[in-house]
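Fit chain B to the known structure of chain A by using the hints.
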Amino acid sequence: MDILSLFVIVPVLVILALVFSKGLKQARMIAMCGGIIQLGMALNLIFAYIKEREVSKEIMLFTRDLPWFEQLNIHYSIGVDGISVALITLTSIVVLAGVFISWKIDDLPKEFFVSLIVLSTGVYGFFISLDLFTMFVFYEIAVIPMYLLIGIWGSGPKEYSAMKLTLMLMGASAVLLVGILGIYFNSNADGGALTFNILEIAKVNIPFEAQKLFFPMTFIGFAVLGALFPFHTWSPDGHASAPTAVSMLHAGVLMKLGGYGIFRVAMYLLPEGALEWSWFFIILSAIGVIYGAFAALRQTDLKYINAYASVSHLGMVSFALLMLNKTAWNGAILQSLSHGFMTALFFALIGMVYGRTHTRDITKLGGLLKVIPFISVIYVVAGLALLGLPGFSGFVAEMNIFMGAFLHDDMFYRIVTIVSISAIVVTAVYVLRVVGIMLMGPVKNEAYLNLPKATWYEKTGVLLLLIPIIGIGVAPLWLSNMILESLEPFIQGVL
Amino acid sequence: MDLNSFFLMRHEMILLGIILLLIVAEIIVADSKKSSIVNLALLLFGIHTLSGFFPLQESSLFGGMFRSNDLIHFFKSVLNLGVFILLLQAADWIKEKVVENDRSTEFFILLFASLLGMYFMISAGDFLMFYIGLELSTLPVAALAAFEIMQRKSSEAGIKLILSAALASGVSLFGISMLYATTGSIYFDQIVLGLTETNLSILGFVLFFTGLAFKISLVPFHFWTADVYEGAPISIASYLSVISKGAAVFILMILLFSVLKPLMHIWENLVYGIALATMFTGNLFALRQQNMKRFLAFSSIAQAGFILLGLITGTQLGTTTVVYFVLIYIFSNLAAFGVVQAISLKTGKENLSDYEGLYRTNPKLSLVMMLALFSLAGIPPVAGFFGKFFLFTAAASKGYYLLVFLAVVNVTISLYYYLLVIRAIFLRKGTDPIPFFKNKLYMRLGLIITVLGILILGLYSPLYDYIYQLSAAFK
Chain A
1 MDILSLFVIV
11 PVLVILALVF
21 SKGLKQARMI
31 AMCGGIIQLG
41 MALNLIFAYI
51 KEREVSKEIM
61 LFTRDLPWFE
71 QLNIHYSIGV
81 DGISVALITL
91 TSIVVLAGVF
101 ISWKIDDLPK
111 EFFVSLIVLS
121 TGVYGFFISL
131 DLFTMFVFYE
141 IAVIPMYLLI
151 GIWGSGPKEY
161 SAMKLTLMLM
171 GASAVLLVGI
181 LGIYFNSNAD
191 GGALTFNILE
201 IAKVNIPFEA
211 QKLFFPMTFI
221 GFAVLGALFP
231 FHTWSPDGHA
241 SAPTAVSMLH
251 AGVLMKLGGY
261 GIFRVAMYLL
271 PEGALEWSWF
281 FIILSAIGVI
291 YGAFAALRQT
301 DLKYINAYAS
311 VSHLGMVSFA
321 LLMLNKTAWN
331 GAILQSLSHG
341 FMTALFFALI
351 GMVYGRTHTR
361 DITKLGGLLK
371 VIPFISVIYV
381 VAGLALLGLP
391 GFSGFVAEMN
401 IFMGAFLHDD
411 MFYRIVTIVS
421 ISAIVVTAVY
431 VLRVVGIMLM
441 GPVKNEAYLN
451 LPKATWYEKT
461 GVLLLLIPII
471 GIGVAPLWLS
481 NMILESLEPF
491 IQGVL
Chain B
496 MDLNSFFLMR
506 HEMILLGIIL
516 LLIVAEIIVA
526 DSKKSSIVNL
536 ALLLFGIHTL
546 SGFFPLQESS
556 LFGGMFRSND
566 LIHFFKSVLN
576 LGVFILLLQA
586 ADWIKEKVVE
596 NDRSTEFFIL
606 LFASLLGMYF
616 MISAGDFLMF
626 YIGLELSTLP
636 VAALAAFEIM
646 QRKSSEAGIK
656 LILSAALASG
666 VSLFGISMLY
676 ATTGSIYFDQ
686 IVLGLTETNL
696 SILGFVLFFT
706 GLAFKISLVP
716 FHFWTADVYE
726 GAPISIASYL
736 SVISKGAAVF
746 ILMILLFSVL
756 KPLMHIWENL
766 VYGIALATMF
776 TGNLFALRQQ
786 NMKRFLAFSS
796 IAQAGFILLG
806 LITGTQLGTT
816 TVVYFVLIYI
826 FSNLAAFGVV
836 QAISLKTGKE
846 NLSDYEGLYR
856 TNPKLSLVMM
866 LALFSLAGIP
876 PVAGFFGKFF
886 LFTAAASKGY
896 YLLVFLAVVN
906 VTISLYYYLL
916 VIRAIFLRKG
926 TDPIPFFKNK
936 LYMRLGLIIT
946 VLGILILGLY
956 SPLYDYIYQL
966 SAAFK
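Those sequence lines, one after another, are chains A and B.
Under our numbering, the first residue of the first sequence is numbered 1, with each subsequent residue one higher.
Under our numbering, the first residue of the second sequence is numbered 496, with each subsequent residue one higher.
The shape of chain A in the complex, shown without the other chains (with noise of 0.2 Å):
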């Protein structure tokens, strides 16, 4: 058994278990055993992964390859990188607190943790898989389950909901197979055969004529998962009516297999596609940055707040990836990265909050820090993580981002980077919004002052993500040489 299937097939047996298990206590040990495990397998990968890499020079580490249709030539092949290692462990921690923030759920317990864990499953297959299929195969089924996740135990216009954010998903994969299949049936430019092989791919010289076709369709395919503008309404609304642990998930991971993927497929295998089309998606990265920032502005709704945050920072991601250069794309790799844990944390925060208030209208809300004080000192450290604080993560990231944005001399590339610079100060005038209404003042409401603590599932789920935030703010370089040796291959396939 390799070190990599074992993502895929403990969530599985997790999933057995959950099907014959009884009742919410059951459930819920159940699932946070299966993420305790998870997370022990993700930092076991990673020192295994840096063990690995100071003796070999391959690509990707941990290999396998596994034919299943040959006739195709579809494998089921897996490996990973120091990018795919970091967003496995993003991802191990993020669904851990997930459970521990959906520790109370009472409809239905059993089914939501299964859909819960189909979701991840899905995820960790996506970044390992090395086999354009497979990819295919796992982002659909990480995407499927939201469905029913904020359908079943969301809130508010649910059903509206989930229905727009499951239809645009699954359009966008089904923009994106096009271009899958297209770049499969040029695969053979250089007279080899038919191959769905991320890696053999990259060796191939796809004529420009196909890459100027077939990268839009790809990138568009991703980047709506990742919430590019105008693509990104589902977002929004999607965030809002999800339960609290799902919006996590979703934000803190699924979003980012958009960004991962444009990296992976589009950009690595169709790098003339991508210079020349470049300038078009970084425009509309651009105005996401911008939009999202402002939108998030005018909001009352916590959720949606932070939904258009999120719009704004994978922005970045988009933006950063297609500036073409090594800083940059270390610098989207960690934002993807700080992201993930910070919208996380919010999400989780406001999840709290809406718990015990049952409102998420910053207007109604006001003197929080003085009841509930835990939550809203993280929330505050959160936000000034989010707004990008020297010793967060988020700082690391955007300092990167923009030192590579940068590094272009000309005049489009430098308006546009001032522009998305710009949201920066935005970001910080949201975020210090939230804080100001919510957090200090007065007490807006008397029966705000018996809100009860937080407990200690609460608490657990939120150091785990605060951890690392602060982790990565304070030493980010041994992650970011990870990222840097792992971005070699990619520079010199796609300059």
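Read the hints as simulated data drawn from the structure, not as lab findings.
Please note: incorrect hints may appear among the correct ones.
Estimated spans, in silico, between C-beta atoms of each pair [to be verified]:
hint : chain 1 : residue 1 : chain 2 : residue 2 : range
1    : A       : Ile36     : B       : Phe718    : 55 to 63 Å
2    : A       : Lys203    : B       : His760    : 31 to 39 Å
3    : B       : Arg783    : A       : Gly355    : 35 to 43 Å
4    : A       : Phe47     : B       : Leu947    : 35 to 43 Å
5    : B       : Thr926    : A       : Thr359    : 25 to 33 Å
6    : B       : Thr926    : A       : Ser155    : 16 to 24 Å
7    : A       : Ala17     : B       : Lys935    : 29 to 37 Å
8    : A       : Ile9      : B       : Asp597    : 50 to 58 Å
9    : B       : Phe718    : A       : Tyr160    : 27 to 35 Å
10   : B       : Leu862    : A       : Leu13     : 15 to 23 Å
11   : B       : Tyr961    : A       : Trp478    : 45 to 53 Å
If you're wondering where the values come from, they're calculated on a predicted model, not measured in any experiment.
All C-beta atoms, glycine included, are put in the ideal place defined by N, C-alpha and C.
Coordinates of chain B only, in the frame set by chain A:
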């Protein structure tokens, strides 16, 4: 011709034997024990299905009128399997509703006769045998559609089916006669040699195509579908949408890929246009359906449109993907129809709104429905995803990227209405949900087999490779 070569017709002979045996049984069995005929028919057909999996050599009979090879043999077994599942799902309905009218034997005889027609149709080596098979497969189904004679809708379904089927097969026959006029032969082997692109042969082909398009319910020959499905007994609706459609797709594929190959760039365009029309019509009409049978009718029209994406290629890859998809489609659609039938039998409810809150009362049945719908919609890891992905791959291999793109747009549209059913079952709590009930053994078996098929067929890749080898026969 020696006696041994008759064994080439093993499927046909055994099925004929079963039909005759049932007639004898009808005479012998006492009236009070009539329901044992259901068990007998199931047993006999089960044995027949199993025996179908033994290999058969490749040869032809009657001077080439009847032929068989591994792919045809395999496909007959697939049809058998489908009919067997369908009988399992129908058994309780027959026992409860049909036996009391003393008409259960009729049901089996008519159904098997139709299946026999399909055997002949897909084994045909000339247009005469093909036409006889086509007629034999259609006429008994019209009688079956009108099986619940006391209900107006059922009689209406029967009349609608027989009238439109008669017209379609007449047009088809007219087309065949034109093809005969241009090539001077009705044998497939000789037609392919003599067929050239003339106005007459093109007209002949188009008219001939109509007959099969009707059976597959391709747009614009689909108008009978929803009404007939709604009126007919559910097992007959599922027979029409699964078995009848599957067999017609198969023979259409064989004819297009081998006999009509000289007209390829004519039928390519035709299939292209009809595929688009069928997908869009089926999907858009399915959006607003409230009756589950009508809903599945339009969904099965849309699925037929997807199948055409494999047909357009004319390659071994196309053959493989079409057969593979039909196999998966049989399991997925039978699962969906099975659930509808189980609920209809217990409660008489057939509307989408009746399904609200089903998961909270009947979780297992709901999960079967979910798997079936996910498979129809093409969501991994269930089988339907693989079937569709490979169909798209086949179309893309010929460079039809635009067609594939429009098809995936359709997949998204179809996902919407499949999710509407999921929404009713899982998301809604319902004011008056269907109470918990237990299915009888046969129905449970029928559903379990389909679920296993849905779960395994896609992930188990050797099956695909096996079909690919078989498909070499019609390169």
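Legend entry - Violated hints, by number in ascending order, as checked against the structure: Of the numbered hints given earlier, the structure breaks none, since each of them holds.
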